[in-house]
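Asker: First to last, the protein sequences are chains A and B. So for the first sequence, the numbering used here puts the first residue at 1; every next one is plus one. So for the second sequence, the numbering used here puts the first residue at 1001; every next one is plus one.
Possibly wrong hints are sitting among the right ones.
Straight-line C-alpha distance at most 30 angstroms; calculated DSBU-like pairs for lysine-lysine [to be verified]: (1) Lys177(A) / Lys1101(B); (2) Lys1083(B) / Lys101(A); (3) Lys1056(B) / Lys68(A); (4) Lys268(A) / Lys1133(B); (5) Lys1201(B) / Lys177(A); (6) Lys68(A) / Lys1068(B); (7) Lys1026(B) / Lys1101(B); (8) Lys1068(B) / Lys101(A); (9) Lys1208(B) / Lys133(A); (10) Lys1296(B) / Lys177(A); (11) Lys201(A) / Lys1177(B); (12) Lys1208(B) / Lys1177(B); (13) Lys40(A) / Lys50(A); (14) Lys208(A) / Lys268(A); (15) Lys1296(B) / Lys268(A); (16) Lys1040(B) / Lys262(A); (17) Lys268(A) / Lys1078(B); (18) Lys1208(B) / Lys177(A); (19) Lys1133(B) / Lys203(A); (20) Lys1101(B) / Lys68(A); (21) Lys1056(B) / Lys133(A); (22) Lys1203(B) / Lys177(A); (23) Lys208(A) / Lys1133(B); (24) Lys1040(B) / Lys201(A); (25) Lys78(A) / Lys1101(B); (26) Lys177(A) / Lys1302(B); (27) Lys1026(B) / Lys1040(B); (28) Lys133(A) / Lys1078(B); (29) Lys1302(B) / Lys78(A); (30) Lys1177(B) / Lys203(A); (31) Lys68(A) / Lys46(A); (32) Lys26(A) / Lys40(A); (33) Lys1228(B) / Lys101(A); (34) Lys1101(B) / Lys133(A); (35) Lys1177(B) / Lys208(A); (36) Lys1133(B) / Lys101(A); (37) Lys1026(B) / Lys1056(B); (38) Lys1083(B) / Lys83(A); (39) Lys262(A) / Lys1177(B); (40) Lys203(A) / Lys1046(B).
Read the hints as simulated data drawn from the structure, not as lab findings.
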Amino acid sequence: MTDHGQPQVTGGSSGIGKCVAIECYKQGAFITLIARNENKLLQTKKEIEKYSVNDKQVVLCISVDVSKDYGHVENVLKQAQEKLGPVDMLVNCAGTSITGKFEDLEMNCFENLMAVNYLGSVYPSHAVIPTMKERRMGRIVFVSSQAGQLGLFGYTAYSPTKFALRGLAEALQMEVKPYNIYITVAYPPDTDTPGFAEESKTKPLETKLISETSSVCQAEQVARIIVKDAIMVCMGIFRIVGLFYLGSFDSIVRRCMIQREKSESTDKTE
Amino acid sequence: MTDHGQPQVTGGSSGIGKCVAIECYKQGAFITLIARNENKLLQTKKEIEKYSVNDKQVVLCISVDVSKDYGHVENVLKQAQEKLGPVDMLVNCAGTSITGKFEDLEMNCFENLMAVNYLGSVYPSHAVIPTMKERRMGRIVFVSSQAGQLGLFGYTAYSPTKFALRGLAEALQMEVKPYNIYITVAYPPDTDTPGFAEESKTKPLETKLISETSSVCQAEQVARIIVKDAIQGNFNSYIGSDGYMLSILTSGMSPVTSITEGLQQMVCMGIFRIVGLFYLGSFDSIVRRCMIQREKSESTDKTE
């Protein structure tokens, strides 16, 4: 891990971010946790420090909103570099999710999700890239989602933000490859985190039913794979399988619509 | 065209949007042009009216910024419906582009592009969807880009916005399919428009060299294909043979509109993936070559 400097993890105070930080810490790294809430940061820091493997390890906490005020984000990340040394790995876990039918979602959902999930990954990445390019080494991880690989019912505000991260990663990778900087895009499935619990509160029925085709993952497992991937023909057949899945999702949606309309007309006749 | 009501075209005063409006108008439709600049709108209206096919046709102009103030956007689109009747087709062409190396781009580029290209398509779509769902019919077109199918050097602020449109389209299509509303995502290549000329001003060398692997299209041709695919309700709209390959290669979990489309994807994906990897390899060498040349010339400057 020390080959890859001091990882900075945004959204590091909970969920996948916290588990990524723990995973890196277990491997001897000096962590920088970045999140908004100072109390949660300090609590998480205590939790992480139990996993230390040597006396020198440090967990630095930085309280900042990575989606607002680029100048501020840039400053705090530079200060972290002055304390712990140059960043060679940035893991962008800061993100949240809102589900609901397109016409039921408020416009600020679209705006806020894009700000947190997309700009909140752009700002820290933009702050660390110049140093990484100078040092000719680096890793940047973007945490997308399976909903960033296919659009699903109920995710019209969320999927675009996760698709956007992939577009950013592909374009950025092409720019930084000659500098030995590697971009990783993670596509976790539904993962057991506070964010997921929050998302589930307003989830439409169709979305719940469709989500049941895959199971909820543990955050620790997701984090382990993300860290591993950051550090090292079948298509045609999968397309057929994919099309069958799409077909089944479409029937779920149609069935729910028909049922809803039946119950609405029954209500009217009563 | 009258089967599909009165098309509303955002970004309708220039570029692809204008050509889409003309294409619909030639088929007898009553057009609503939506853009910011009133003068450009009126000029474009005069240009479009030359193509009228009957006496009743109307071109309605609405001046609004579709990426700011949803309430306002919702109101003006409702007023348009009151004048011309319900909208059955919305074509989201409003969009712009900025290129440059990631570390050279200002943050407001990322913010503004996402606002115009993404929110500027979300707002009008959100305004028209309820009516379309009530009437159980509709077409919504999102104009993405080939840069929305693959990320390219210089497009770190632009590609995400166009990828986002695809995510929106896929999720939305799944929601509205039982209501007979069809979403189309168009993936034009570099197209000869004022927007493209603007983008070219600050284009890095690597981006220019990479773009030379495909040619610049005419906006009229792009518009013709978009309108055809929208009317047919095709989810994927591509232009040219490069477009065909990219569309199959990146079809991922997108819906298909016909069995033939699905079969072509199944059969060709693997081969196109190999071709695609060769392209990626060549783009990577272009980037590496440019970097090496730049560093050579920098060290030559220093020794002088």
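Asker: All hints, please: hold or fail.
Answerer: Now the hints, each set against the structure:
1. Lys177(A) / Lys1101(B): 13 angstroms, holds
2. Lys1083(B) / Lys101(A): Distance of about 29 angstroms is within 30 angstroms: holds.
3. Lys1056(B) / Lys68(A): 51 angstroms, violated
4. Lys268(A) / Lys1133(B): 20 angstroms, holds
5. Lys1201(B) / Lys177(A): The hint holds at about 25 angstroms.
6. Lys68(A) / Lys1068(B): 19 angstroms, holds
7. Lys1026(B) / Lys1101(B): 41 angstroms, violated
8. Lys1068(B) / Lys101(A): Answer holds: Lys1068(B) to Lys101(A) is near 22 angstroms, not above 30 angstroms.
9. Lys1208(B) / Lys133(A): Answer holds: Lys1208(B) to Lys133(A) is near 22 angstroms, not above 30 angstroms.
10. Lys1296(B) / Lys177(A): 18 angstroms, holds
11. Lys201(A) / Lys1177(B): 25 angstroms, holds
12. Lys1208(B) / Lys1177(B): Violated: Lys1208(B) and Lys1177(B) sit about 39 angstroms apart, past 30 angstroms.
13. Lys40(A) / Lys50(A): 16 angstroms, holds
14. Lys208(A) / Lys268(A): Judged against 30 angstroms, a Cα distance of about 27 angstroms means the pair holds.
15. Lys1296(B) / Lys268(A): 78 angstroms, violated
16. Lys1040(B) / Lys262(A): 49 angstroms, violated
17. Lys268(A) / Lys1078(B): 28 angstroms, holds
18. Lys1208(B) / Lys177(A): 18 angstroms, holds
19. Lys1133(B) / Lys203(A): Holds, because 20 angstroms separates the two Cα atoms, which is no more than 30 angstroms.
20. Lys1101(B) / Lys68(A): Since the Cα atoms of Lys1101(B) and Lys68(A) sit roughly 22 angstroms apart, the hinted pair holds (cutoff 30 angstroms).
21. Lys1056(B) / Lys133(A): At roughly 61 angstroms apart (the allowed maximum being 30 angstroms), Lys133(A) and Lys1056(B) break the hint.
22. Lys1203(B) / Lys177(A): Holds, at about 19 angstroms.
23. Lys208(A) / Lys1133(B): Within the cut-off at roughly 22 angstroms; holds.
24. Lys1040(B) / Lys201(A): 46 angstroms, violated
25. Lys78(A) / Lys1101(B): Judged against 30 angstroms, a Cα distance of about 21 angstroms means the pair holds.
26. Lys177(A) / Lys1302(B): Cα-Cα ~26 angstroms, so holds.
27. Lys1026(B) / Lys1040(B): It holds: about 20 angstroms lies between the C-alpha atoms, which stays within 30 angstroms.
28. Lys133(A) / Lys1078(B): Roughly 50 angstroms separates the two Cα atoms, so the pair is violated.
29. Lys1302(B) / Lys78(A): 29 angstroms, holds
30. Lys1177(B) / Lys203(A): It holds: about 19 angstroms lies between the C-alpha atoms, which stays within 30 angstroms.
31. Lys68(A) / Lys46(A): 27 angstroms, holds
32. Lys26(A) / Lys40(A): Since the Cα atoms of Lys26(A) and Lys40(A) sit roughly 20 angstroms apart, the hinted pair holds (cutoff 30 angstroms).
33. Lys1228(B) / Lys101(A): 28 angstroms, holds
34. Lys1101(B) / Lys133(A): 12 angstroms, holds
35. Lys1177(B) / Lys208(A): Within the cut-off at roughly 18 angstroms; holds.
36. Lys1133(B) / Lys101(A): OK: Lys1133(B) and Lys101(A) at ~12 angstroms, within 30 angstroms.
37. Lys1026(B) / Lys1056(B): Status holds; Cα separation ~13 angstroms.
38. Lys1083(B) / Lys83(A): Violated - the C-alpha atoms of Lys83(A) and Lys1083(B) are around 64 angstroms apart, more than 30 angstroms.
39. Lys262(A) / Lys1177(B): 18 angstroms, holds
40. Lys203(A) / Lys1046(B): 48 angstroms, violated
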